[in-house]
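Student: Please take these sequences and the hints and turn them into a complete structure.
Using the numbering used here, the first residue of the sequence shown is number 45, and each one after it goes up by one.
What the hints contain is simulated information worked out from the structure, not anything from laboratory work. Note that the coordinates shown come from a computational prediction; the quantities given were computed from them, not determined experimentally. Among the clues, some could well be false.
Derived DSSO-like pairs (lysine-lysine); straight-line CA-CA distance at most 30 Å [stated by the list, open to error]:
1. Lys536 / Lys555
2. Lys294 / Lys257
3. Lys386 / Lys448
4. Lys294 / Lys267
5. Lys401 / Lys546
6. Lys74 / Lys448
7. Lys74 / Lys238
8. Lys74 / Lys104
9. Lys536 / Lys257
10. Lys448 / Lys267
11. Lys104 / Lys151
12. Lys72 / Lys448
13. Lys448 / Lys104
14. Lys546 / Lys103
15. Lys546 / Lys257
16. Lys536 / Lys267
17. Lys536 / Lys546
18. Lys613 / Lys586
19. Lys72 / Lys151
20. Lys151 / Lys448
21. Lys103 / Lys448
22. Lys151 / Lys401
23. Lys257 / Lys238
24. Lys448 / Lys613
25. Lys103 / Lys151
26. Lys151 / Lys555
27. Lys294 / Lys536
28. Lys72 / Lys104
29. Lys165 / Lys103
30. Lys72 / Lys401
31. Lys613 / Lys165
32. Lys257 / Lys555
With beta-carbon atoms standing in for the labels, derived distance ranges [said to hold, decoys possible]:
33. Pro544 / Ser626: 26 to 34 Å
34. Gln135 / Asp251: 34 to 42 Å
35. Gly236 / Ala479: 32 to 40 Å
36. Ser197 / Arg237: 48 to 56 Å
37. Ala134 / Ala643: 51 to 59 Å
For glycine and all other residues, C-beta sits at the position ideal for the given N, C-alpha and C.
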Amino acid sequence: MAGSEGLPRWDLTPIFPGFESAEYAAAKAKAAALAAEAVRFYGESAAAAPGEDAAAWLKKALALNDELGALTETLAAYTYARFSTATRDAQAVAELNAVEALMLPAKKADVLFRNALAARKDAVEAALASNADLAPYAYHVREELFFQSRQMSPELEDLAADLGRSGADAWSRLQESVSSNSSATWDAASGGRKTVIELRNLAFDPDRAVREKAFGLEQSVWKSVEVPMAAALNGVKGAATSLNSRRGWKDSLEKSIAQARISPATLEALIQAMEESLPTWRRYLGAKARVLGVPALAFYDLFAPVEKSGVPLPTFSWDETRAFIRDKFSSFDPDMGAFAAKAFDNNWIDAQPREGKVGGAYCTDFPTAGAARVLCNFDGSFSSVGTVAHELGHAWHHECIVGKPYALTQYPMTLAETASIFAETIVSEAALATASPPERLSLVEMRLQDSCQVIVDILSRFYFEKAVFAERATGELSAERFCELMLDAQAKTYGEGLDPGKRHPYMWAVKGHYYSAGLGFYNFPYAFGLLFALGLYERYRKEGPGFAVTYRGLLAETGSASAVEVTAKAGFDIETPDFWRSALSGFARQTAEFESLVASILRR
Numbered sequence: 045m046a047g048s049e050g051l052p053r054w055d056l057t058p059i060f061p062g063f064e065s066a067e068y069a070a071a072k073a074k075a076a077a078l079a080a081e082a083v084r085f086y087g088e089s090a091a092a093a094p095g096e097d098a099a100a101w102l103k104k105a106l107a108l109n110d111e112l113g114a115l116t117e118t119l120a121a122y123t124y125a126r127f128s129t130a131t132r133d134a135q136a137v138a139e140l141n142a143v144e145a146l147m148l149p150a151k152k153a154d155v156l157f158r159n160a161l162a163a164r165k166d167a168v169e170a171a172l173a174s175n176a177d178l179a180p181y182a183y184h185v186r187e188e189l190f191f192q193s194r195q196m197s198p199e200l201e202d203l204a205a206d207l208g209r210s211g212a213d214a215w216s217r218l219q220e221s222v223s224s225n226s227s228a229t230w231d232a233a234s235g236g237r238k239t240v241i242e243l244r245n246l247a248f249d250p251d252r253a254v255r256e257k258a259f260g261l262e263q264s265v266w267k268s269v270e271v272p273m274a275a276a277l278n279g280v281k282g283a284a285t286s287l288n289s290r291r292g293w294k295d296s297l298e299k300s301i302a303q304a305r306i307s308p309a310t311l312e313a314l315i316q317a318m319e320e321s322l323p324t325w326r327r328y329l330g331a332k333a334r335v336l337g338v339p340a341l342a343f344y345d346l347f348a349p350v351e352k353s354g355v356p357l358p359t360f361s362w363d364e365t366r367a368f369i370r371d372k373f374s375s376f377d378p379d380m381g382a383f384a385a386k387a388f389d390n391n392w393i394d395a396q397p398r399e400g401k402v403g404g405a406y407c408t409d410f411p412t413a414g415a416a417r418v419l420c421n422f423d424g425s426f427s428s429v430g431t432v433a434h435e436l437g438h439a440w441h442h443e444c445i446v447g448k449p450y451a452l453t454q455y456p457m458t459l460a461e462t463a464s465i466f467a468e469t470i471v472s473e474a475a476l477a478t479a480s481p482p483e484r485l486s487l488v489e490m491r492l493q494d495s496c497q498v499i500v501d502i503l504s505r506f507y508f509e510k511a512v513f514a515e516r517a518t519g520e521l522s523a524e525r526f527c528e529l530m531l532d533a534q535a536k537t538y539g540e541g542l543d544p545g546k547r548h549p550y551m552w553a554v555k556g557h558y559y560s561a562g563l564g565f566y567n568f569p570y571a572f573g574l575l576f577a578l579g580l581y582e583r584y585r586k587e588g589p590g591f592a593v594t595y596r597g598l599l600a601e602t603g604s605a606s607a608v609e610v611t612a613k614a615g616f617d618i619e620t621p622d623f624w625r626s627a628l629s630g631f632a633r634q635t636a637e638f639e640s641l642v643a644s645i646l647r648r
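Tutor: Here is the structure:
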């Protein structure tokens, strides 16, 4: 693989030429004007006027919301994209704050819209039933009416949004800034240092001594910053707890279920099936320990490559990654492959790891531009190729809804993760199909490795977050207590699959997902997405190339219905454990194959 200096950085100039550009200034001015207009319009129509045409009112309201929502999301995505690749950039931080301030009237308009909607609920329902232009908005409008029942007065919501800028949102940025700029001395002789992101990437190194050294240094880094990180997590979870209580939510989990557009029965069935699958995952971890020649895996062994076969997985250059993903996407859907080529060719991807850039990966879209961008930290491994495919799956999802009204493009995390994991599955299945017997061990293991994270580690994060919310309701938690809860959650899920003395107590500091006040439980949607994606992939196996059109149609509908309804259209009942058990059963077969391959290698 070429050095990281040869990897691409994304081009954001088609979105806006820069912070100083006339286009960016005009967009901010237009957003401010639209927000002011929305606040005025909804304030004046807080109650229905005598003889009002509800259909006409609703059409105007939805058009105004669509234009304002698309523009404010584009501005927010642009400023965050600039910040996340340069967290020390003072201008990026300033513009991020400026856009947050700009969005306060837009958030106020959302509150007033919901109240105005509720004031004419019966008339609105009649309009939805009788007007063909409004019918596509039915789910969206009813969801807004539900969330109206879970909001405070306009004055309190306005105050909460304003305080959030210097409260929970600031705590979230602190976690990102600290984690993206923390480093440790790697080579004492030369003084060479590695960022915590680079240290975490060494978890994929084939040399156990390197992995162990990196893990130890990573722990020391988190230990050195545990006080501000604990303060940040307390701030975020405290704000969420207070606001959710005042808004009438039973707890933060109830809100997350609603945001995911699933039912409590769906989550219960999903968690039950995940828990039932834990013995299979512990068998896999035990087999991996055997092939690595250790009594039990340490946390820093979870991502270790399996090389006993003598044929390690190849590394990929950026050009090879581009060709591989384009070709495999094209084999499923030529349009999807062409889209991937466009993303690569037009510098939509920021792949270069560097100091000041946030860790992990994400995809963000810019509604007014009808485009997306992908951030990752590419290291040339096959896992890294899978990450690029995963994020491009999100981008393809965005592409499938371009042109729809903004309100009908707002899909939940559960369905967002389905698109990304389906794309990742295309790539991994293609690699397995052409693998030689020695390569198959590594590829099967990598598939299990990734899925173990989405089932076992995600379940540990779910347990951890439930425990944190329960304790944060009565007071702040110390860094030590966060570590205790994390280790307890890992013990419940990984069990004997991990060495009890070599788990990761600071995963609460690593994962930025915990630091969102507006979106708690940023975990179970990944498991949902994985298993629903596997269900869809099985349909593709049976139906062949024609399924690509069906798949595009499903993605296009994800902003217009609940996750229960969308999955039902695919022929699945997700409110009982049977569907989830069926999707998980494939991992039992893969684990059995992996155990057999390991036994064969160890007999040599």
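Student: Measure nothing beyond the straight line between the CA atoms of Lys536 and Lys257; if it is 30 Å or shorter, mark the hint as holding.
Tutor: This hinted pair holds, its Cα atoms lying about 26 Å apart.
Student: Are Lys257 and Lys238 close enough, with their CA atoms no more than 30 Å apart?
Tutor: holds, 12 Å
Student: Is Lys546 within 30 Å of Lys103, Cα to Cα?
Tutor: violated, 58 Å
Student: So if I understand the rule, the pair passes when the alpha-carbon distance is 30 Å or less; does Lys72 with Lys151 pass?
Tutor: It holds: about 15 Å lies between the C-alpha atoms, which stays within 30 Å.
Student: Would you say the C-beta atoms of Gly236 and Ala479 sit inside 32 to 40 Å of each other?
Tutor: Distance hint for Gly236, Ala479 holds at roughly 37 Å.
Student: Holds or violated: Lys294 with Lys257, Cα cutoff 30 Å?
Tutor: The given pair, whose Cα atoms are some 44 Å apart, is violated under the 30 Å limit.
Student: Take a quick look at whether Lys536 and Lys546 sit within 30 Å of each other, Cα to Cα.
Tutor: Holds, at about 15 Å.
Student: With a cut-off of 30 Å on the C-alpha distance, tell me whether Lys103 and Lys151 pass.
Tutor: Holds - the C-alpha atoms of Lys151 and Lys103 are around 20 Å apart, at most 30 Å.
Student: Between the alpha carbons of Lys448 and Lys104, is the straight-line distance 30 Å or under?
Tutor: holds, 17 Å
Student: Starting from Lys386, check that the Cα of Lys448 is at most 30 Å away, please.
Tutor: Holds: Lys386 and Lys448 sit about 21 Å apart, inside 30 Å.
Student: Is it true that the CA of Lys257 sits at most 30 Å from the CA of Lys555?
Tutor: Roughly 21 Å separates the two Cα atoms, so the pair holds.
Student: Between Lys72 and Lys401, does the CA-CA distance stay at or below 30 Å?
Tutor: Holds. Lys72 to Lys401 sits at ~25 Å (cutoff 30 Å).
Figure legend: structure checked against the earlier numbered hints; hints not met, in rising order: 2, 4, 7, 10 and 14.
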